[in-house]
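Use these hints to put chain B onto chain A, whose structure you have.
Residue numbers (the numbering used here), protein chains in the order written: chain A, 279 to 628; chain B, 279 to 628.
No false leads were slipped in.
Identical chains blur together in the list; that is why a pair holds if it fits in one copy or across any two.
Mimicking DSSO-like on lysine-lysine, the simulated pairs with C-alpha atoms at most 30 Å apart in a straight line are:
hint, residue 1, residue 2
1, K508, K604
2, K383, K604
3, K521, K508
4, K520, K314
Just so you know, the hints here were simulated from the structure itself, not pulled from any lab data.
Protein chains: 2
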Amino acid sequence: MINSHQAIVGLDIGGANLKAWHAAGQAMAIPFALWKLPQQLSGQLAAMLQQLPVADRVVVTMTGELADCFATRMEGVEFIVRAVEQAVRSVLPHSTIQFWQTHGKFVAPSDAMASPLLTAASNWQALASMVGWLFPQDDLLLLDIGSTTTDLIPILQGQVSAGGRTDLERLAASELVYTGVRRTVVCHMLPSFQGELDRYGHVLIPLSSELFATSLDVYLLLGSLEEEPKNCETADGRPATKKFAEARLARQICSDQSELTTHDVIQLAMAAAAAQQQQIVQAARTVIDRSSRPIKKIVLSGSGEFLGRQVAIQAGFPMGAILSLKDYWTTAGSEVACARALVELALRGL
Amino acid sequence: MINSHQAIVGLDIGGANLKAWHAAGQAMAIPFALWKLPQQLSGQLAAMLQQLPVADRVVVTMTGELADCFATRMEGVEFIVRAVEQAVRSVLPHSTIQFWQTHGKFVAPSDAMASPLLTAASNWQALASMVGWLFPQDDLLLLDIGSTTTDLIPILQGQVSAGGRTDLERLAASELVYTGVRRTVVCHMLPSFQGELDRYGHVLIPLSSELFATSLDVYLLLGSLEEEPKNCETADGRPATKKFAEARLARQICSDQSELTTHDVIQLAMAAAAAQQQQIVQAARTVIDRSSRPIKKIVLSGSGEFLGRQVAIQAGFPMGAILSLKDYWTTAGSEVACARALVELALRGL
Numbered sequence: 279m280i281n282s283h284q285a286i287v288g289l290d291i292g293g294a295n296l297k298a299w300h301a302a303g304q305a306m307a308i309p310f311a312l313w314k315l316p317q318q319l320s321g322q323l324a325a326m327l328q329q330l331p332v333a334d335r336v337v338v339t340m341t342g343e344l345a346d347c348f349a350t351r352m353e354g355v356e357f358i359v360r361a362v363e364q365a366v367r368s369v370l371p372h373s374t375i376q377f378w379q380t381h382g383k384f385v386a387p388s389d390a391m392a393s394p395l396l397t398a399a400s401n402w403q404a405l406a407s408m409v410g411w412l413f414p415q416d417d418l419l420l421l422d423i424g425s426t427t428t429d430l431i432p433i434l435q436g437q438v439s440a441g442g443r444t445d446l447e448r449l450a451a452s453e454l455v456y457t458g459v460r461r462t463v464v465c466h467m468l469p470s471f472q473g474e475l476d477r478y479g480h481v482l483i484p485l486s487s488e489l490f491a492t493s494l495d496v497y498l499l500l501g502s503l504e505e506e507p508k509n510c511e512t513a514d515g516r517p518a519t520k521k522f523a524e525a526r527l528a529r530q531i532c533s534d535q536s537e538l539t540t541h542d543v544i545q546l547a548m549a550a551a552a553a554q555q556q557q558i559v560q561a562a563r564t565v566i567d568r569s570s571r572p573i574k575k576i577v578l579s580g581s582g583e584f585l586g587r588q589v590a591i592q593a594g595f596p597m598g599a600i601l602s603l604k605d606y607w608t609t610a611g612s613e614v615a616c617a618r619a620l621v622e623l624a625l626r627g628l
Numbered sequence: 279m280i281n282s283h284q285a286i287v288g289l290d291i292g293g294a295n296l297k298a299w300h301a302a303g304q305a306m307a308i309p310f311a312l313w314k315l316p317q318q319l320s321g322q323l324a325a326m327l328q329q330l331p332v333a334d335r336v337v338v339t340m341t342g343e344l345a346d347c348f349a350t351r352m353e354g355v356e357f358i359v360r361a362v363e364q365a366v367r368s369v370l371p372h373s374t375i376q377f378w379q380t381h382g383k384f385v386a387p388s389d390a391m392a393s394p395l396l397t398a399a400s401n402w403q404a405l406a407s408m409v410g411w412l413f414p415q416d417d418l419l420l421l422d423i424g425s426t427t428t429d430l431i432p433i434l435q436g437q438v439s440a441g442g443r444t445d446l447e448r449l450a451a452s453e454l455v456y457t458g459v460r461r462t463v464v465c466h467m468l469p470s471f472q473g474e475l476d477r478y479g480h481v482l483i484p485l486s487s488e489l490f491a492t493s494l495d496v497y498l499l500l501g502s503l504e505e506e507p508k509n510c511e512t513a514d515g516r517p518a519t520k521k522f523a524e525a526r527l528a529r530q531i532c533s534d535q536s537e538l539t540t541h542d543v544i545q546l547a548m549a550a551a552a553a554q555q556q557q558i559v560q561a562a563r564t565v566i567d568r569s570s571r572p573i574k575k576i577v578l579s580g581s582g583e584f585l586g587r588q589v590a591i592q593a594g595f596p597m598g599a600i601l602s603l604k605d606y607w608t609t610a611g612s613e614v615a616c617a618r619a620l621v622e623l624a625l626r627g628l
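Excised from the complex, chain A in its bound form:
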């Protein structure tokens, strides 16, 4: 039985974002560059816990162990487990702490460190397990598009039916596509731009390999993501607005407004968006084709749901078969979906 009065907080510790969900219905997400500032992780987590209602159980999942401040993922898992312990001890000293593992269970911190490859990159598995609880009768594809990566998980009659377990296996299985709607460098979305430029006519231009612009800029310019004038978490540290996004995208082909019109840069953004969409559609088809049972529905989640919906349509799902986690968990709950999933799993007695 679900006991929704339990005071449980879920933490999803990524390499670029920290996300939390409290069973009382509160979401929190902050950008945090773990690879630059690992020593601040514990303090950041403590600050988040202080802003949430009190909890007596803290459940955790992670992907941040891959950050290159850690020599290996084992080192990363151990560091993150200890940072969580330190944060929880300081803010919620009487709470228990548990970590989700990819075999589908919560374990104590010592066990999380003892089998680090089960603890690493476990957040997709928590979300998929919870979606299995929500749709126990269906054969569906979970499509979670975040800032950095995309997960495509087949869930058959409530059971997570993934082919891969580690990130490497999941990349090879097309269940993890390393592309997202904010942090993906544009040259990885689109190696070469082919199209019409106002001044030059038809061109084929290989993009520079610098980190000059990201998918955030593509979707700002196309209007899929809202402008955030105070957010400077961008490739060049300038604001997340259309004007600066245009400059960043032009720079990705070593240029600026002296050679390119706004129309030109929109063409570039459209080509990058189309290529990213195609990449995810291709992965979806691979995962669907491999399923032992026909996939009938698709469940969208994550901050890139707008892209997920286009992927779902292009992959051939009828409108009635396209579901959104937002409709079950609200927008805030969907954007911290993995953290919320942990709490829901804990509430269900796992």
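What follows is chain B alone, placed relative to chain A:
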């Protein structure tokens, strides 16, 4: 006539490296992250000038104006011109300063700022002009492979015969390939790895889009570049050694030594190197095919000459037609080739 007793220093100001050549025969190169520390540029240049023999003429070329600390290339050109003026005033107050422009002439600082698109990204043109002086009778391709980018310039009977002038035009013309032997992120060299892994057998793995490993790691692991245990100018800030290069490359496919053997990672490095070589060969063929006269020779320069030689062979040049700027300018002179070219052009009365 060449007056080799003139005291001239050439400066090549890139976005990631500062290079200098003094007519007395002295080279200097330092890594400098202009995009992170623009305010330190003037001080860095002054420090370089102090370590070189005195000069009464300073000649300058740049590519650093593209760095994303500048809103536009015009802003970048102006900033760099003023930084040079400040540095030269403090160290060599009686020197004249001139900037190379892509129409093939030196101009005063005020003119360099007045026509910034001629001053921007001008270093390839200085080098190509000088190679034209060295080989006045030949129809040749100059192939300069650096840490970050590759230039492919046709030079016909001593005349620079490039199709593009700005970076954008040169990318479209295959005369600039944004790939090099140190700074290129591996996912841009090789979007997907297809091959055999010891533990998994045959796999197709799309690489992560993170900046986890660069071409430096590829060539460290393959032995083409020497280990530099004290050099931490790497993707993760750890030393430029085989051991750490292996870890960085494994991370590019979200993995580490717990899943991948050294043999696996060498396979990945070989695939990335082969893809980069193929990319440059393709560009060379495009440039050669477009030439109005048959290209008979190829001149290699830059710190990536080892790769240039493989490209030249694969592109079909017989051994006797493959020349190296090292044989004319020594290794030190070739690795700061654009800075040296400026000095040589100045010595020839330009």
